[in-house]
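What follows is each chain in one-letter form.
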Amino acid sequence: MTYFDELTRAMTWLGEQPDTVFIGQQVRYPGNSLFKTLEGVPMEKRIEFPVAENMQLGASIGMAMQGKTVISIFPRMDFLLCAADMLVNHLDKNLYPLTGKVIIRTCIGATKPMHPGVQHCGDYTEGLRSLFDNVVVEKLRLNSPINAIYQSSYYSWVPVAKVIIEEADLYGMESRTRL
Amino acid sequence: MLSKQELIDFEADIAREFEAGNIRAPVHLHGGNEEALIEIFKEIKSMDYVFSTHRSHYHALLHGVPADKVKAEIMAGHSISLQFPEYHFFTSAIVAGICPIALGVAMTGQKCWVFVGDMAAQTGIFHECAKYAFQHSLPIYFITEDNGLSVDTPTEKVWGDTDYWQEEFDEWLGKYSYLYDRTYPHQGAGKWVTF
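Line order of the protein sequences matches chains A and B. Residue numbering for the first sequence follows our numbering, beginning at 176 and increasing consecutively. Residue numbering for the second sequence follows our numbering, beginning at 143 and increasing consecutively.
Honestly, the hints are just simulated from the structure, not real lab data. Everything numeric in this text was worked out from a predicted model, so none of it was measured. No false leads were mixed into what you were given.
Below, simulated BS3-like cross-link-like pairs (lysine-lysine); rule was C-alpha separation at most 25 angstroms, straight line:
#1 B:LYS273 x A:LYS220
#2 A:LYS211 x B:LYS333
#3 A:LYS337 x A:LYS211
#4 B:LYS253 x A:LYS220
If you want the footprint, here are the derived chain A segments under chain B, 3+ residues with CB under 8 angstroms:
#5 225-236
#6 268-282
Each residue gets a CB set at the ideal place from its N, CA and C atoms; glycine is no exception.
With the sequences and hints as input, model every part of the structure.
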């Protein structure tokens, strides 16, 4: 099973949970590799959102205040930076009681076989960690139990918000997880 | 609902506490908008969600948060970020920051009322939220509280006086814009895509 298959398995499992909603770009329409990992997620759970990252993350917080577990998808980590206000000034400050969760899914763009340019493959994992007091940042490696990480993010109440980062360069590689 | 005089008296009390050095944090006092707010809050039901800004004392009081609770939070230094979840009342001290959060609550079907200042109403995030809400017929109202100032900066002046506004703006913006149908996909030539 590849890293990509593991991601697909995790998304399919999340899609089976009653309170989940998937929001972002290319969640209902094709255009990137993340889209294909959602093939097991019912269309009625997917909200194709305008390219408005800060609005998207704010709306994700609002829906989580109403009990939704929101998988908020930012196809590239570079784009997630546009939501810095909602990430740092709002979500991380725990000002708004969430009865659901915010699971931010983002990706470090692939650099092989083509390099996409400096604005499309940024890895800001450590930078994000340094900004947060409460939001947890987790990077998915080849040996990461991807499905288990998403399941624990769904069930766990500490934290209620998480950034889960995947690496597109690993998509085709064999996953080393045994879970 | 509190009367105009009760609102004024509440803020006067907070002003006295602040001047006496009993509040060791910023406070942003309401004033001059009591009648307008009382009329608006006649429309707002107790189960509705109210979202506000750094200046929110009147909003909280008029939405039914008891005055002693509001004062206690202010005395504790939380004037600029009052939160009363049990009364469906939330604020953000970041300009227009509350707008997308309110939008998300409205997306779940809850009726929402969002108060912003006149500079916030000029921001991109405000316009994104208002446009999305309007186009998707969400149960949300945005209320701009316009005193012409952002801190002490004249809002319209710094944006450029806009007497001509919408029609000429649209004409200018569209002058060299065009429509077209694309030949190739978003990325690549159509055979394979790695994105």
